[in-house]
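Chemist: In case you want the letters, here they are:
Number of protein chains: 2
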Amino acid sequence: MLGKEPKISNSVIRRLPIYLRLMQLLKVQGITTISSQDMGVRLDMNPAQIRKDLAYFGEFGRKGVGYEVEYLERKLRQILNLDRQINVALIGAGHLGIALSNYARFQSERISIAGLFDADPNKIGLTVGSLVVQNFSELTNMVQTKNIQMGIIAVPAIAAQDVCDSLISAGVKIILNFAPINLRVPKEVVLRNTDFTTELQSLAFYIDE
Amino acid sequence: MLGKEPKISNSVIRRLPIYLRLMQLLKVQGITTISSQDMGVRLDMNPAQIRKDLAYFGEFGRKGVGYEVEYLERKLRQILNLDRQINVALIGAGHLGIALSNYARFQSERISIAGLFDADPNKIGLTVGSLVVQNFSELTNMVQTKNIQMGIIAVPAIAAQDVCDSLISAGVKIILNFAPINLRVPKEVVLRNTDFTTELQSLAFYIDE
Numbered sequence: 034m035l036g037k038e039p040k041i042s043n044s045v046i047r048r049l050p051i052y053l054r055l056m057q058l059l060k061v062q063g064i065t066t067i068s069s070q071d072m073g074v075r076l077d078m079n080p081a082q083i084r085k086d087l088a089y090f091g092e093f094g095r096k097g098v099g100y101e102v103e104y105l106e107r108k109l110r111q112i113l114n115l116d117r118q119i120n121v122a123l124i125g126a127g128h129l130g131i132a133l134s135n136y137a138r139f140q141s142e143r144i145s146i147a148g149l150f151d152a153d154p155n156k157i158g159l160t161v162g163s164l165v166v167q168n169f170s171e172l173t174n175m176v177q178t179k180n181i182q183m184g185i186i187a188v189p190a191i192a193a194q195d196v197c198d199s200l201i202s203a204g205v206k207i208i209l210n211f212a213p214i215n216l217r218v219p220k221e222v223v224l225r226n227t228d229f230t231t232e233l234q235s236l237a238f239y240i241d242e
Numbered sequence: 034m035l036g037k038e039p040k041i042s043n044s045v046i047r048r049l050p051i052y053l054r055l056m057q058l059l060k061v062q063g064i065t066t067i068s069s070q071d072m073g074v075r076l077d078m079n080p081a082q083i084r085k086d087l088a089y090f091g092e093f094g095r096k097g098v099g100y101e102v103e104y105l106e107r108k109l110r111q112i113l114n115l116d117r118q119i120n121v122a123l124i125g126a127g128h129l130g131i132a133l134s135n136y137a138r139f140q141s142e143r144i145s146i147a148g149l150f151d152a153d154p155n156k157i158g159l160t161v162g163s164l165v166v167q168n169f170s171e172l173t174n175m176v177q178t179k180n181i182q183m184g185i186i187a188v189p190a191i192a193a194q195d196v197c198d199s200l201i202s203a204g205v206k207i208i209l210n211f212a213p214i215n216l217r218v219p220k221e222v223v224l225r226n227t228d229f230t231t232e233l234q235s236l237a238f239y240i241d242e
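First to last, the protein sequences are chains A and B. Residues in the first sequence are numbered consecutively from 34, following this note's numbering. Residues in the second sequence are numbered consecutively from 34, following this note's numbering.
Keep in mind that a hint or two might mislead.
Which copy? The list can't say, so a pair holds if one copy fits it or any two copies do.
Said to hold, decoys possible - Here are the simulated lysine to aspartate or glutamate pairs, EDC-like style, with alpha carbons at most 20 Å apart: (1) K206 - D241; (2) K85 - E101; (3) K220 - D153; (4) K96 - E106; (5) K220 - D77; (6) K85 - D195; (7) K206 - E106; (8) K220 - D71; (9) K206 - D77.
Derived by calculation from the structure, the hints in this document are not laboratory data. All of these numbers come straight from a predicted model, not from anything done at the bench.
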């Protein structure tokens, strides 16, 4: 199972899309090979870190030449499962949910919001871009018929654990949570929290007065 | 200059709010001391990593006892400059901007959205929570009169570099960018990008079929 060993930390996995994005940019610029040194300069990262991260997944570079841009792009797509269609359920059709559904639709080719759900009768049936807000009670059904593999939680904190439990019951094992609350999930579920407060708090470190 | 040495990496700084949040939780639970081992279990992190991170800023722990919760909470607040009011300008009153302004207002005591700006005449003057959307041309004036130290960019990618340049001209040196574009900033400016696509792409790694 390529790259599924538990020793590969979250931090490594989170850097892979950054490498992928750089390869895409280089391809557009007509650059065919790049050294880890040059990657380090462009990404403001340590080249040794980049080499180490990529070495978890295979020997992609050649001494004195570096990485072949097109080959590394293809490999990174494979490692990240981005060589296939990925269907996502987005729960919560408030401002955040709408922003996310617009954002994801325009940005990523293979990750598609396959369903947008809300429990509020005033929101069910509304059109958001190419999506119609569906009743949250349809979730389990949709996860199965639309082959949904990831869930995004964009509901208020008070509703988030229930939504999370429903996603897991429906068979979703990968969850991105935007609600500012610590969710409980079984071990086999991958949960990542995006917390704007933490982001702002860590940036406050750099205030210099 | 406590903790301002350049050798302290972004990654360390980004973990400090996580430690702070844990201390706040422990305080509520009536727990007065905690070992790095226990912190590691609660945060799913390596205890050695936690000790190393905190040691950058002083000797907060005691052998055999661990960290005093209230003391460490106070110290973390000081290190992160969260012992004072921090004023933020939020640019973009679309769905994302509105979601962020609601989110930040309810979550964080000392970080306050002091101004919400947009260039769209149809949005200027609208009320969002306790804020009124202001004309973007007022930015420089507001940064000075309201002592704004951070900027959040929540505009479409095409407008983001102009907004970024205006923030910097106005004197803002810390910027959190939500637009899916690489912004150019001078060296003295701290720029952090939040990219939902990258987040989703890295989660796709865990799809197992």
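Chemist: Taking the hints in turn, state whether each one holds.
Modeler: Hints versus structure:
1. K206 - D241: Answer is between: at 9 Å across copies they meet the 20 Å cutoff, but 42 Å inside does not.
2. K85 - E101: within (17 Å within a copy, 37 Å between copies)
3. K220 - D153: This pair counts as neither: shortest intra-copy Cα distance 31 Å, inter-copy 47 Å.
4. K96 - E106: within (19 Å within a copy, 48 Å between copies)
5. K220 - D77: between (34 Å within a copy, 12 Å between copies)
6. K85 - D195: For K85 and D195, neither the intra-copy (40 Å) nor the inter-copy (37 Å) Cα distance is at most 20 Å.
7. K206 - E106: Neither way: K206 and E106 sit 26 Å apart in one copy and 34 Å across, limit 20 Å.
8. K220 - D71: between (39 Å within a copy, 19 Å between copies)
9. K206 - D77: between (33 Å within a copy, 18 Å between copies)
Hint compliance for this structure: hints 3, 6, 7 are not met, and every other hint is.
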